[in-house]
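The lines below spell out each chain.
2 protein chains.
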Amino acid sequence: MAGKLFVISGPSGAGKGSIIEKLLEKDPTLYFSISATTRPKRDYEKDGREYFFVSREEFLDRIEKGQMLEWAEFAGNYYGTPAGPVDEKLRAGCDVVLDVESHGMYSVKAMRPDAVTMFVYPPSFAELEKRLRNRKTETEERIRSRLEQSRQECTHAEDYDYIIINDDLDIAAAEAAAVMTAEKCRTAERLHILKEDKTL
Amino acid sequence: MAGKLFVISGPSGAGKGSIIEKLLEKDPTLYFSISATTRPKRDYEKDGREYFFVSREEFLDRIEKGQMLEWAEFAGNYYGTPAGPVDEKLRAGCDVVLDVESHGMYSVKAMRPDAVTMFVYPPSFAELEKRLRNRKTETEERIRSRLEQSRQECTHAEDYDYIIINDDLDIAAAEAAAVMTAEKCRTAERLHILKEDKTL
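So the protein sequences, as listed, match chains D and V.
Residues 3 to 202 in this note's numbering are what the first sequence spells out, letter by letter.
Residues 3 to 202 in this note's numbering are what the second sequence spells out, letter by letter.
Misleading hints may appear alongside valid ones.
Where chains are identical, the list cannot tell them apart; a pair therefore holds if satisfied intra-copy or between any two copies.
Result set (SDA-like, lysine to any residue): computed pairs, CA atoms no more than 25 Å apart in a straight line [stated by the list, open to error]:
| # | residue 1 | residue 2 |
| --- | --- | --- |
| 1 | Lys197 | Glu155 |
| 2 | Lys67 | His158 |
| 3 | Lys186 | Ser126 |
| 4 | Lys132 | Glu198 |
| 5 | Lys67 | Glu47 |
| 6 | Lys200 | Glu143 |
| 7 | Lys24 | Lys186 |
| 8 | Lys200 | Asp161 |
| 9 | Lys6 | Glu75 |
| 10 | Lys67 | Ala128 |
| 11 | Lys186 | Ile167 |
| 12 | Lys197 | Gln151 |
| 13 | Lys24 | Thr183 |
| 14 | Lys6 | Thr201 |
| 15 | Lys43 | Asp161 |
| 16 | Lys91 | Glu160 |
| 17 | Lys138 | Glu160 |
| 18 | Lys186 | Asp116 |
| 19 | Lys138 | Arg188 |
| 20 | Lys28 | Glu60 |
| 21 | Lys197 | Arg58 |
Calculated from the structure, these hints are not laboratory results.
Given the structure is predicted, the values throughout are model-derived calculations rather than measurements.
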């Protein structure tokens, strides 16, 4: 039985990362997709851990060949999700989680229509702003730009299959886990059990 | 926020009842619908506990008025799900579970298209037969008739939204609970939170 592909998006500060961490703790066979990038590797980074570091030529070649599930350019560098490792894990029966922005979600859905998508939202946008400001690591300008970007992301929430409200992290992670469990109980995923039951 | 309506079906011996019991333990606000019947009340029964006991005239009148979500006739008596108490609980924000056969599921789906349906299946049909025989309370003829009925029920599995495999009861109940949690995270159920967020 192949694994299932899950896409998790949400504005920065909604707590996507913490939810994914909890999901990975709960299910050690879950594969969290590692992105590929053309930006230079930093000293502390290891190829295949933070990112797969590839050349610009190779990245463009992979896009060309349909080997990227989604990609984007930021500040002159490409970032994206290579299809290879994702498909390999799915074939091995592991579920896969992608952390991508909404434009990435649309691209993944176009290439893998059976992907299940979740949008993580804070209890309110005001709470998101509070969380971002409490980090105290960013300039006012950067905060404003992030908030604007987050507002933009939220306009795409309606195109997701599920919305996870991250007020209490444990509840939010439990909801995301419930979505993953439920999706694997769908009749399309399970009917083969009855069809293959020779005693029926 | 209104509650959600869940329909659970499955051949006898699949363990529907035990799963529903676990769901009710887990969520005390969950309402397990009580059927109405025209059969005479037995001494140990209490109106509104085992069944709502109603006259034949009243039952037929309710069918006429669209006040029965589903109904069937067995051995000259009518049995069915009155819409009133179900709708009342849903309006109060409680989820509702119905234990009905597949013909009842089709009827509920026709009247309440947003109902979510689950079909409980044993690990194999052979296991179902074993469970039925182990009860040792029924004649061979009755067992054969039940098995035939069960096989019939299984032909409808593909029309359900989810299939719950009851091998381990705790896992099966957790899966059913995950379906209920996930369905309440659906974008159609949650988008209003973003729409009503005045800080967004």
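Hints and how they fare:
no.	hint	verdict
1	Lys197 x Glu155	between (42 Å within a copy, 14 Å between copies)
2	Lys67 x His158	neither (28 Å within a copy, 42 Å between copies)
3	Lys186 x Ser126	between (30 Å within a copy, 18 Å between copies)
4	Lys132 x Glu198	between (53 Å within a copy, 19 Å between copies)
5	Lys67 x Glu47	neither (27 Å within a copy, 70 Å between copies)
6	Lys200 x Glu143	between (65 Å within a copy, 23 Å between copies)
7	Lys24 x Lys186	both (19 Å within a copy, 20 Å between copies)
8	Lys200 x Asp161	between (41 Å within a copy, 21 Å between copies)
9	Lys6 x Glu75	neither (27 Å within a copy, 43 Å between copies)
10	Lys67 x Ala128	neither (43 Å within a copy, 48 Å between copies)
11	Lys186 x Ile167	both (21 Å within a copy, 11 Å between copies)
12	Lys197 x Gln151	between (48 Å within a copy, 18 Å between copies)
13	Lys24 x Thr183	both (15 Å within a copy, 17 Å between copies)
14	Lys6 x Thr201	neither (28 Å within a copy, 35 Å between copies)
15	Lys43 x Asp161	neither (34 Å within a copy, 51 Å between copies)
16	Lys91 x Glu160	neither (29 Å within a copy, 28 Å between copies)
17	Lys138 x Glu160	neither (31 Å within a copy, 53 Å between copies)
18	Lys186 x Asp116	both (12 Å within a copy, 20 Å between copies)
19	Lys138 x Arg188	neither (44 Å within a copy, 34 Å between copies)
20	Lys28 x Glu60	neither (35 Å within a copy, 52 Å between copies)
21	Lys197 x Arg58	neither (48 Å within a copy, 41 Å between copies)
Consistency with the previously given hints fails for numbers 2, 5, 9, 10, 14, 15, 16, 17, 19, 20 and 21, ordered from lowest to highest.
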